[in-house]
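Given the sequences, and given the hints that come with them, work out the whole structure.
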Amino acid sequence: MSEKAKSAKEHKYEGGLAVVSADKVKDPGLEPHRVRMTDKSDKHERSANRQVAALFLLSAFGSIFSIYAYFAFPITEDLATVRANNLWLGLGITLGLFGIGIGAVHWAKTLMPDAEVSEERHQTRGSEEVRARAIEIIKLADQESGFTRRKLIRRSMYTALALFPLPAIFFFGDLGPNPGDSLRHTMWKKGTRLAKDPDGTPIKASDVTLGSVFHVIPAGLAELHHDKLNEKAKAAVLLVRVNPAELIETEERKGWSYDGIVAYSKICTHVGCPVALYEQQTHHLLCPCHQSTFDLVDGCKVVFGPAARPLPQLPIAVDAEGYLIAQSDFNEPVGPSFWER
Amino acid sequence: MSTTTPNKKGTFLGNRANYLDERLGVAGILKEFGRKVFPDHWSFMLGEVAMYSFVVLLISGTFLTFFFQPSMAEVVYDGVYGPLKGAEMSIAYASSLDISFEVRGGMLMRQVHHWSALLFVAAAGLHMLRVFFTGAFRKPREINWLVGFFLFVLGMGGGFTGYSLPDDLLSGNGLRIIDGMLKGVPVIGSSISSLLFDGEFPGHAVVARLYSLHIMIIPALIILLLAVHLFMVVIHKHTHYSGPGRKDTNVVGYPLMPVYVAKAGGFFFIVFGAIMLISATFTINPIWNYGGYDPSPVSAGTQPDWYIGWLDGALRLAPSHLEIVALGGTWSFNILIPLIVGVLFLVVVGAYPFIEKFVTGDNREHHVLDRPRNAPVRTAIGAAGVTFYAVLWAGAATDLIATHFRVSLNQVLLSMQILLIVAPIAAFWVTKRIALALQRKDREIVLHGRESGRIIRLPHGEFVEVHEPLDKFEMYKLVDFKSYQPTLARPNEDGKITVKARVRASFSKFYFQDRVAPVDQFELDEANHDHAPAIEAAPAAKKPAAKKSTAKKSVAKKPVAKKAVAKKTAKNPSAKKPAAKKATPKKK
Numbered sequence: 001m002s003e004k005a006k007s008a009k010e011h012k013y014e015g016g017l018a019v020v021s022a023d024k025v026k027d028p029g030l031e032p033h034r035v036r037m038t039d040k041s042d043k044h045e046r047s048a049n050r051q052v053a054a055l056f057l058l059s060a061f062g063s064i065f066s067i068y069a070y071f072a073f074p075i076t077e078d079l080a081t082v083r084a085n086n087l088w089l090g091l092g093i094t095l096g097l098f099g100i101g102i103g104a105v106h107w108a109k110t111l112m113p114d115a116e117v118s119e120e121r122h123q124t125r126g127s128e129e130v131r132a133r134a135i136e137i138i139k140l141a142d143q144e145s146g147f148t149r150r151k152l153i154r155r156s157m158y159t160a161l162a163l164f165p166l167p168a169i170f171f172f173g174d175l176g177p178n179p180g181d182s183l184r185h186t187m188w189k190k191g192t193r194l195a196k197d198p199d200g201t202p203i204k205a206s207d208v209t210l211g212s213v214f215h216v217i218p219a220g221l222a223e224l225h226h227d228k229l230n231e232k233a234k235a236a237v238l239l240v241r242v243n244p245a246e247l248i249e250t251e252e253r254k255g256w257s258y259d260g261i262v263a264y265s266k267i268c269t270h271v272g273c274p275v276a277l278y279e280q281q282t283h284h285l286l287c288p289c290h291q292s293t294f295d296l297v298d299g300c301k302v303v304f305g306p307a308a309r310p311l312p313q314l315p316i317a318v319d320a321e322g323y324l325i326a327q328s329d330f331n332e333p334v335g336p337s338f339w340e341r
Numbered sequence: 001m002s003t004t005t006p007n008k009k010g011t012f013l014g015n016r017a018n019y020l021d022e023r024l025g026v027a028g029i030l031k032e033f034g035r036k037v038f039p040d041h042w043s044f045m046l047g048e049v050a051m052y053s054f055v056v057l058l059i060s061g062t063f064l065t066f067f068f069q070p071s072m073a074e075v076v077y078d079g080v081y082g083p084l085k086g087a088e089m090s091i092a093y094a095s096s097l098d099i100s101f102e103v104r105g106g107m108l109m110r111q112v113h114h115w116s117a118l119l120f121v122a123a124a125g126l127h128m129l130r131v132f133f134t135g136a137f138r139k140p141r142e143i144n145w146l147v148g149f150f151l152f153v154l155g156m157g158g159g160f161t162g163y164s165l166p167d168d169l170l171s172g173n174g175l176r177i178i179d180g181m182l183k184g185v186p187v188i189g190s191s192i193s194s195l196l197f198d199g200e201f202p203g204h205a206v207v208a209r210l211y212s213l214h215i216m217i218i219p220a221l222i223i224l225l226l227a228v229h230l231f232m233v234v235i236h237k238h239t240h241y242s243g244p245g246r247k248d249t250n251v252v253g254y255p256l257m258p259v260y261v262a263k264a265g266g267f268f269f270i271v272f273g274a275i276m277l278i279s280a281t282f283t284i285n286p287i288w289n290y291g292g293y294d295p296s297p298v299s300a301g302t303q304p305d306w307y308i309g310w311l312d313g314a315l316r317l318a319p320s321h322l323e324i325v326a327l328g329g330t331w332s333f334n335i336l337i338p339l340i341v342g343v344l345f346l347v348v349v350g351a352y353p354f355i356e357k358f359v360t361g362d363n364r365e366h367h368v369l370d371r372p373r374n375a376p377v378r379t380a381i382g383a384a385g386v387t388f389y390a391v392l393w394a395g396a397a398t399d400l401i402a403t404h405f406r407v408s409l410n411q412v413l414l415s416m417q418i419l420l421i422v423a424p425i426a427a428f429w430v431t432k433r434i435a436l437a438l439q440r441k442d443r444e445i446v447l448h449g450r451e452s453g454r455i456i457r458l459p460h461g462e463f464v465e466v467h468e469p470l471d472k473f474e475m476y477k478l479v480d481f482k483s484y485q486p487t488l489a490r491p492n493e494d495g496k497i498t499v500k501a502r503v504r505a506s507f508s509k510f511y512f513q514d515r516v517a518p519v520d521q522f523e524l525d526e527a528n529h530d531h532a533p534a535i536e537a538a539p540a541a542k543k544p545a546a547k548k549s550t551a552k553k554s555v556a557k558k559p560v561a562k563k564a565v566a567k568k569t570a571k572n573p574s575a576k577k578p579a580a581k582k583a584t585p586k587k588k
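Residue numbers (this note's numbering), protein chains in the order written: chain A, 1 to 341; chain B, 1 to 588.
FYI, nobody ran anything at the bench for these hints, they're computed from the structure.
Glycine included, every Cβ here is placed at the ideal spot set by N, Cα and C.
There could be a bad hint or two in this list.
[What the hints assert, rightly or not] In silico DSSO-like links for lysine-lysine, alpha-carbon gap of 27 Å or less:
id : chain 1 : residue 1 : chain 2 : residue 2
1  : B       : K36       : A       : K109
2  : B       : K496      : A       : K109
3  : A       : K26       : B       : K441
4  : A       : K26       : B       : K237
5  : A       : K228      : B       : K85
6  : B       : K472      : A       : K26
7  : B       : K477      : A       : K24
8  : B       : K357      : B       : K472
[What the hints assert, rightly or not] Some, not all, of what chain B presents toward chain A, calculated at C-beta under 7 Å:
id : residue
9  : N173
10 : R176
11 : G189
12 : S212
13 : G273
14 : T302
15 : L488
16 : F522
Here it is, written out as structure tokens:
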């Protein structure tokens, strides 16, 4: 930088776009201190003194009371005792805390000096001498280590430093398995009976009256001991019987329902909440989390809300004993969209 | 040293101070910090509330760790809570129930923990707004703004991870939503989800993992950043509001010892007490009503904790049918857009000090706070941001709004979508106008005094309202602010107008095109001359009202001084400044 440019920079106005008025209204200085009653009268001072002490003593009482309450309000089989325990313990401690807090603030506000004082503020940046010394130190360190001069060392050090944390990232690889194709399959397969959630009793087609709704799990899920919730999170189904004449079915899906009984995945295609609310009049299914709405009679297409895809349909049939069974697994992945689906 | 004198006498404080100083060297620390001055203002307590709630979080959280078991292994519940007896549930949920129903004070501590978490994020948010609207983020505090910003984000993270731990139906659904959002990330979504949940959702690992985050990593980061945050407050010293005697070169307030130790120390107990009172009397998160997590049932009206609401609202407000299949994968824009909007919003919040610095080019240190009206565009931007956040937040309650007010859910959602775009713009415009109007009002008050509501009749029959002049201290508050003006895109040394210069010019126009300058001394003098006739008449009319205004001695005194000045230059033509001119007819 040339001398000229340097001096130009030094004289550059620091304030940017700020307008500095040459004729600013004069600062009258700190306003005069207003004297409090406790400063003026001994009587007030004494009573403030007593108030503070009373608040502290109140606090002591509160703390002791809460210990008393711990024993005096035990929790028994009767659930109402939980409430009493919670309330009296809490109120005792509240008193213990408020007494100290309000007492200390009251002390400060009435008995400690309340005249505001002014203290010099120094610029955050160091003074010129300090900065000069700092630069000197940096230069010295640079010189002694040859940090700038020894390029090879410097760059190899950067490389080493950049790489050393990388193993840690790989160490997290075993947090979970590769997703594989587990997201594509559920417990449903050909012949699995549709059972009631949560007890797992199979459902007969004749039990499903017009307009009724069943929360369904695959038979056998209730007895699972391992990964039960994982399976349930994919396999949950909603079963509804509507007037067959109202059903709008594509050619391909003609055989997927049984006499007006349709079964759809209960897991929302948005972010996976259970689509648990059925509106009988409109045949709409509503997800309570983000209000995606699906038209049950029209292939569960999205009629409202942020979801993008219809709920997957479970093809169903009836076995020899009259129980509802699945014809196969779902023909597409259930639940929220993912990249590979 | 003078401190040795009281030691010899053996005073109570002296002996202890001497003991500590000889072992720890506390005298130097006390000398440096003991009388450090802190300015006093209610809005400075918001950050304190946040910090104290965090301390309460640590206290109550530590208690909970002694009883909580972060395991997702299945057990059959056999506790005292009747309705769930015999139900299968995770150990995490069962131990949460045990804390609530079988540990004395356990319910209280759970509630204290939850309430203080809600308060922590709320207070941190309000503190951030205070810092924003008063311009406290300006040089030299930009870095501290960033630290605070990360504290706020960590607060939300700490809240969410904690909310998920009891493994009840609501929190499980929250995790389900997180799973769905993760899966929506292009290319790596399902892998991330699999890593978090150790396979498929819900798996058996996530509660323990969130527990590590919740009780170790996040609190450690918060403590670290909090220390940095406070350290910087010490370095910079606290800002103060503009007013008489308050300058960029000083700090006006009360000394740390004893006043602030008592006030701030006492305030911790008040905050703790308030949380305790709420926790003793109001139920929060009654997990026993929801049951353990099960992927199948869900209740209507599910809500996250308040601070996650805006993200949930963003998910709800995304329009339908935004998913496309392209480039070999599924793009779930119905999830990606809310995510991106949320992240962008946060980035803009975090980067704001640097944006404003770029526009103003102001490289000076700022320790006197702006009154929000004196930075109309910043205040308007803040209002727009708050509105945007508020609409997203209200968006998380579309279903409740629909059911409570008996309106159509579809219409509510559509209105929210429209409001999300329109309301911030409207808020910007309205706020900016209000701020400018308030600035003009301030000018008016400074130049012509407050309307006293007293009508007097002049000797020649005219009726005028008496305006009471402000005392000089109050008046100074209204004139002491920094004003900026827009710049043009100027060529650099090579004679070129750079893109940066153009951008900066248009930004500066956006920011400072409409500006109201502070009243200067000349205008003030001019205005005082104009008042002369009305004020000369005032003393006569003042008598009936004199009793009322005995407290305002300076008010009564002032006209006399002005009269003298007025006589000297009575024929001075009325002020050339438009603001002064506009107001003159009222007085004459």
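Taking the hints in turn, this is what the structure says about them:
1. K36/B - K109/A: holds (18 Å)
2. K496/B - K109/A: Answer violated: K496/B to K109/A is near 61 Å, above 27 Å.
3. K26/A - K441/B: holds (20 Å)
4. K26/A - K237/B: holds (25 Å)
5. K228/A - K85/B: Distance of about 20 Å is within 27 Å: holds.
6. K472/B - K26/A: holds (9 Å)
7. K477/B - K24/A: The hint holds at about 13 Å.
8. K357/B - K472/B: violated (32 Å)
9. N173: For N173/B, the interface hint holds, since the closest Cβ of chain A sits about 6 Å away, which is under 7 Å.
10. R176: holds (5 Å)
11. G189: holds (5 Å)
12. S212: This interface hint is violated because 12 Å lies over the 7 Å limit.
13. G273: holds (3 Å)
14. T302: It holds, given that the least Cβ distance between T302/B and chain A is near 6 Å, below 7 Å.
15. L488: violated (11 Å)
16. F522: holds (5 Å)
Going through the hint list in order, the structure does not satisfy hints 2, 8, 12, 15.
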